[in-house]
Amino acid sequence: VRIGKHLVLELKAASRDEALARARVMCDRLLANPVTEDYEVAVDGEVSR
Amino acid sequence: MKRVAVIRFPGSNCDVDSLDAAREAGSDAYFVWHRDTDLQQADVVILPGGFSYGDYLRSGAIARFSAVMAAVTAHARAGGPVLGICNGFQILCEAGLLPGGLMRNARLRFLSRPVWVRTEQTDTPFTCLYDKGEVLELPIAHGDGRYVVDDRTAAELEATDRVVWRYVRDNPNGSTNDIAGVVNAARNVVGVMPHPERRLIPTLGGQDGARVFHSMEARHATQHAVDVRAGDDRHLRV
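Sequence order for the protein chains is A and B.
Per our numbering: the first sequence = residues 1 to 49.
Per our numbering: the second sequence = residues 1 to 238.
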């Protein structure tokens, strides 16, 4: 059994890489606790507004 | 007399009990709001229990970004004593001031009942009046009390005598190595899951927790006893 959280972030970024980099910073600082949790980040929807 | 800052977050509980416990022990204790950035020359900081910010995301995860935590971190890094009780322990872990983290209890239930812990270390600012090996009855009230560290850190905690309290008789929440409380490497920051401030007098079920707060004062008196004796030849209460 795998239990976890699925978080959806909407952010404006110039590129996919920038979006990923910013999401990773947010994960390391707050969204995940690297001591007890692992996380994966993926960009899916390319654009909304 | 020590100046003791009890930090209040939205959702703190037992903050008044912690204040009373410190005052009962002879300290000059006062509240500091989480938005404040000044600890008002605190000698000791207590982070009380509760459910700061509703435990959203993870217990303690949001509180660690409170304005006051910069001052608490600076105080801790300078060697000032810090005690985190329950949610306070969780906040200290999230803030990186203590190793490991606290996760959902094994068997997933919120637990509110007495437990028994053995005092493993008596050289911290909060345990110096206990005997090594002394077993205390203290209440727990937590859903996220399972202390988790990686194997290497757990071995290091054991090797460097940093497990302060350990559950005995039973391990209520599945904590690694039955750990109920730990201290940092500098031995000034202590986190504990059970609530010592709820066991101060016999009518509340016992007084096993009172010496956590008396220890803060005792240590202070010991450190300054020489100066005082030199001054007027009287002993401070130790």
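The set of hints was computed from the structure by calculation and includes no laboratory data.
Idealized CB from N, CA, C, for every residue including glycine.
Where hints are given, some of them may not hold.
[Stated by the list, open to error] Derived contacts from chain B toward chain A, CB cut-off under 8 Å, selection only:
no.	residue
1	Arg58
2	Ala61
3	Glu94
4	Gly100
5	Gly101
6	Val135
7	Val148
[Unchecked claim] Pulled from the structure, derived: some chain B residues nowhere near chain A, Cβ distances all over 12 Å:
no.	residue
8	Arg35
9	Phe65
10	Gly79
11	Cys93
12	Asp150
13	Thr153
14	Thr160
Quiz item: Of the hints given before, which are not true for this structure?
Solution: The structure breaks hints 6, 9, 11, 12 and 13; every other hint is satisfied.
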